[in-house]
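Model the full assembly from the supplied sequences, consistent with the hints where possible.
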Amino acid sequence: MACTGIENIDEAITLLEQNNWDLVAAINGVIPQENGILQSDYGGETIPGPAFDPASHPAPSPAPSSSSAFRPVIPTRQIIERQPRMLDFRVEYRDRNVDVVLEDSCTVGEIKQILENELQIPVSKMLLKGWKTGDVEDSMVLKSLHLPKNNSLYVLTPDLPPPSSSSHSGALQESLNQNFMLIITHREVQREYNLNFSGSSTIQEVKRNVYDLTSIPVRHQLWEGWPASATDDSMCLAESGLSYPCHRLTVGRRSSPAQTREQSEEQSTDVHMVSDSDGDDFEDASEFGVDDGEVFGMASSALRKSPMMPENAENEGDALLQFTAEFSSRYGDCHPVFFIGSLEAAFQEAFYVKARDRKLLAIYLHHDESVLTNVFCSQMLCAESIVSYLSQNFITWAWDLTKDANRARFLTMCNRHFGSVVAQTIRTQKTDQFPLFLIIMGKRSSNEVLNVIQGNTTVDELMMRLMAAMEIFTAQQQEDIKDEDEREARENVKREQDEAYRLSLEADRAKREAHEREMAEQFRLEQIRKEQEEEREAIRLSLEQALPPEPKEEDAEPVSKLRIRTPSGEFLERRFLASNKLQIVFDFVASKGFPWDEFKLLSTFPRRDITQLDPNKSLLEVKLFPQETLFLEAKE
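Note that the UniProt record's numbering has the sequence shown beginning at 1, numbered continuously upward.
By construction, these hints were calculated from the structure, which means they are not laboratory data.
You may find that some hints are simply not true.
To be verified - Capping the alpha-carbon separation at 30 Å, the derived lysine-lysine pairs in DSBU-like fashion look like this:
{"id": "1", "residue 1": "600", "residue 2": "623"}
{"id": "2", "residue 1": "129", "residue 2": "149"}
{"id": "3", "residue 1": "482", "residue 2": "561"}
{"id": "4", "residue 1": "530", "residue 2": "600"}
{"id": "5", "residue 1": "149", "residue 2": "112"}
{"id": "6", "residue 1": "125", "residue 2": "149"}
{"id": "7", "residue 1": "207", "residue 2": "132"}
{"id": "8", "residue 1": "635", "residue 2": "617"}
{"id": "9", "residue 1": "561", "residue 2": "530"}
{"id": "10", "residue 1": "635", "residue 2": "592"}
{"id": "11", "residue 1": "149", "residue 2": "207"}
{"id": "12", "residue 1": "354", "residue 2": "430"}
{"id": "13", "residue 1": "635", "residue 2": "600"}
{"id": "14", "residue 1": "482", "residue 2": "125"}
{"id": "15", "residue 1": "359", "residue 2": "125"}
Since the model is a prediction, treat every value here as computed from it, not as a measurement.
Right, here's the structure in full:
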């Protein structure tokens, strides 16, 4: 702290962890060699720096006796207020090496912009790896990473196809995309862990994962089995010379003086008790403000206040509500949005909608007894990048397999929806292989399990596998959208044809009904006309029969001869007795088809309407004697 001016104990311990507790390397990572002088009491080695003038700088006060192997010779504030540091980066990409020199006040994104101009690779397609602290954001300032002067990085482009040449860089790129199975034996407890890592993972990431499993801090880990070429923890596994696809390693706890004394006195074989006697782990954990269970990644159910899911829950929705609430209480509110409902309802939400709205289904299988559960949930499943990606592209459904009843219930659901093979695969999984992450894609005839992700993974690998599943799903979704659009187009054409045919049928039916109505009306009118004609004919006949016989000219009684002109110009002639009533003339005219209610009988000179006269008067009285010419005229 006196050399570097770093007053934050957390930051100082982090720097020491990154350099495997090598104090010289940690200090040189913050203070470049040309800006200071460090002397080592162990080896007497002096690192040259600028000359120190006692006259210009007062001598520091004598320090108390200490076992520290280093002492500064330049005032602290002078070191901190130095000129900006220049950092050298050698970036490897396939068969090219690019040298980049930047001030430590620059950001990671500025390195990527320089590489974009040099390598002609878009920044969005570029993954910059090799950082000792793991993956970093583009906005991060280089100074905050506490980097040494010389750094080696490499570029990954998983979204770009590899070159066609079979050069060494092509082989390296292929190795980076491969998965290595590391069979790691914990020496003290004689236990094996089978861990999968991508070729792009670094040795440092492996050691940190082993720390989560074994509770041995990186600085206390003693390894056997690493290749001779694996000299730097920032080196990726593809470059380290590991055997593919499997490589065996052994890890143990590095003995400290306190542990050696305790082992010699008590001859204890309990590795965990020896570790506790040292007290380093407990002190480190307390300084960071976390408890032992969180630091070691323990998943003991004794530390849990309540189970993730009730046993023998009748309603899956209620069980998922408790699961979500308990998950939030343990790991915080930043976690995937778990679907509340049955597995069948999750299928409906993800698969049985329009092709454009479909999503992948991610099934998270939790197990409280697995040592990987706490690390997987807190560091991977709750990572912001994972949460955001799952929320945008997946329907996430969860289930707890800790209880046997819940495990049997899920296996029954799994056998029903995915088949016996998938159910058997999950049934044979060991407790330490949980949690599991199942990626499901819905198809026309069945549901396909694209990927089964075990808990011994990293955030990068989890994201890559999610993205790989998304690529497969996107390709299938595009085909489904095309088929659905074509089907909808065909259905639209068919609907239009059916609608046109229906309208045509309705028009034809309307025409036919109108014609039938017209014909019926004509028939009805014709019937009425016929009935009227029949009625008129019957009336005419009855009138004709009721007429008195026509008198002869030589009849003794006076005879009146009437000549009646019809509207058609014909003449009706008949003799009547002068004593006959006028009604008999009307009946005669009606018997000829001219009823008096439709026609009026008129005389010429003088012109008068005979039908307006009293029909009971005689012809003689109405002066229609001895002869008269009349004419018929239709009434208005």
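Looking back at the hints listed earlier, which ones does the structure fail to meet?
Violated hints (numbers, rising): 3, 9, 12; every other hint is consistent with the structure.
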